[in-house]
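Generate the whole structure from the sequences, applying the supplied hints.
Number of protein chains: 2
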Amino acid sequence: MLKGIDERTYLIYAPIREKLVLVEERLQGLGPASPDHLRALVGHVLSSGGKRVRPAITLLAAGCGPNDNENPIIMACAVELLHLATLIHDDTVDNSDVRRGRPTVSNQWGKHVAVLFGDYLFATSATYVCDTGNVRVIRRFSETIMELASGELVEYFNTFKTDRALELYRDRIYHKTASLFCTAGETGAILSGAPEPQVQAMREYCYNVGMAFQMVDDLLDIQGDASEMGKPVGKDLMQGVLTLPTILLMEKYPEENPVQALFADPSHDGKLDRVLEMINNSTIVEECYEVIGDYCGKAAECLEIVPDNPSRSSLLSLLEYIRERSR
Amino acid sequence: MLKGIDERTYLIYAPIREKLVLVEERLQGLGPASPDHLRALVGHVLSSGGKRVRPAITLLAAGCGPNDNENPIIMACAVELLHLATLIHDDTVDNSDVRRGRPTVSNQWGKHVAVLFGDYLFATSATYVCDTGNVRVIRRFSETIMELASGELVEYFNTFKTDRALELYRDRIYHKTASLFCTAGETGAILSGAPEPQVQAMREYCYNVGMAFQMVDDLLDIQGDASEMGKPVGKDLMQGVLTLPTILLMEKYPEENPVQALFADPSHDGKLDRVLEMINNSTIVEECYEVIGDYCGKAAECLEIVPDNPSRSSLLSLLEYIRERSR
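Quick mapping for you: the protein sequence lines, in order, are chains A and B.
Residues 124 to 450 (this note's numbering) make up the first sequence, in order.
Residues 124 to 450 (this note's numbering) make up the second sequence, in order.
Watch out, some of these pointers could steer you wrong.
The list treats identical chains as interchangeable, and a pair is accepted whether it falls inside one copy or across any two copies.
List of simulated lysine to any residue pairs, SDA-like, C-alpha gap at most 25 Å [said to hold, decoys possible]:
| id | residue 1 | residue 2 |
| --- | --- | --- |
| 1 | Lys234 | Asp359 |
| 2 | Lys234 | Gly363 |
| 3 | Lys358 | Val277 |
| 4 | Lys284 | Pro158 |
Honestly, the hints are just simulated from the structure, not real lab data.
Below you can see the structure in the form of structure tokens.
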């Protein structure tokens, strides 16, 4: 049932395995419960697997609080649905044909359907959150959607620009990725009745994890193997999006900036290969891992005030897993 | 300030005029409060005028309840923002260049921005609703977004099809239009502390008003003058969307169905003109007004259990206004 989850994550999820199965069952139940015209769409989106990291974070965060109730499971479903909805809209505006080796919704059904179905899933996720009855959590959830959309818009307005790159990058990946991680963890802690300092600690943990997670993803985009990843290499760069490895490259070569050369003429594959080569034949990858390591270190520190239990141990193991994703 | 509002609606809105100005002030304040990269977008969308019918309904419905507080004003803002967000996505998927005589967001900024900015506005509207602190109202709001998106998808999947036309039409215009009217009125009543039977009556009133409102719009699409409306005539039909006048036309001519002839070859302007001519030279327009009149009659009946006061009188006047919009 948890088909996107490899052996390592299976172990990390051990304290919440049964609850994650309940989340998965609820998600899979959405298809049959949907109106006829939406059933195939829901089925397609929910069958793509995926590691369910965000719902797992909600459940693990909730595991650190005193109360055991259904609300974190509801929240975990909502968080994953929101994530899936953002992927649909992102793939639509990015003209992406493939995700995890399968056609995107926009590719298979067209952009018209993809926009509207993304809206439907956004709204479905928000309706789920209402079942928790917690206004603070509901508000945080809808603010997250604002942050996600705002982050995507900032990215779009800054494509092919190279100034203030690092500042814009950190801000963008907060909005696009870390924001939802924060919400996943924070709401899990709130819904399990954790005291406020632990709610804040969980939010901070998730901020750092989310930043690290996205930076690893960005590194994989530069390094990865196209067939393994299910998407082309260097995609960010070809779309004019700067990430940590390319930003570090620009800092190393301020005079003959290979990234600016590429942006000036993005149709030349040779220029992309040059950038990828320069990155992979330098210390940049290691430097990226240092930055990622710093964020993971800060995440671990945040957990110091959280009671020691299997969920907390898993959150620490998750840091190792994220750090080592591409090695 | 209330620039989209003509003299007639100005009178109808009399009991809630000050509150509607407060709603407008809050909406106009969104632009300056937005992040830099969004300010121009927000400004564009909020400066288009419009009659603010949905916020007015929220305020008038609230005027029928015993409590006077800020929540209906908050809700009215949210309802209008939601409406504006749906228009942005609709214009994007419909490839519409013009709305109210001005460029659409997708036309001026491109579809990429329009999709993401629509998401941002959807989320902003939902975050507003959280300020009411009322989970029932928040849930109804997010369910409405599901209904809006679902209705648009049903419309898309049924373009250029002619069977079960009337049944699909009623269902579609509930989802696309009446649903938000229901929510506008129902939430206004809830937030002003109205007893449950009156909340339900207000919802039913709004259902009937919403159905009538959309049917008038659909009739104007067939009848209207392109320069007055700010959009081309017969747009629905050219996009394969059946509405009441064209459905009645098909019922009158089952043998040589002029609508099916058009759908078989939509590039022929002659066929569109034929359909428009047949409609305008028949009793169809009057028959549409009878159907619209029935809905308005049912709406008026719903208000019988609502206390008689200026807000209720305005809701009754609104029915007349809607009925007479195109005469």
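Evaluate Lys284 and Pro158 at a C-alpha cut-off of 25 Å and name the case that applies: within, between, both or neither. between (44 Å within a copy, 19 Å between copies)
Check Lys234 against Gly363 for me: Cα-Cα at most 25 Å, and say if that holds within a copy, between copies, both or neither. Answer is both; intra-copy 22 Å and inter-copy 18 Å each pass.
Cα distance capped at 25 Å. Does Lys234 pair with Asp359 within a copy, between copies, both, or neither? Both. Shortest intra-copy (21 Å) and inter-copy (19 Å) distances satisfy the 25 Å Cα cut-off.
If the cutoff is 25 Å on CA atoms, where do Lys358 and Val277 land: within, between, both or neither? Let me know, please. within (18 Å within a copy, 34 Å between copies)
In this structure, every one of the numbered hints holds.
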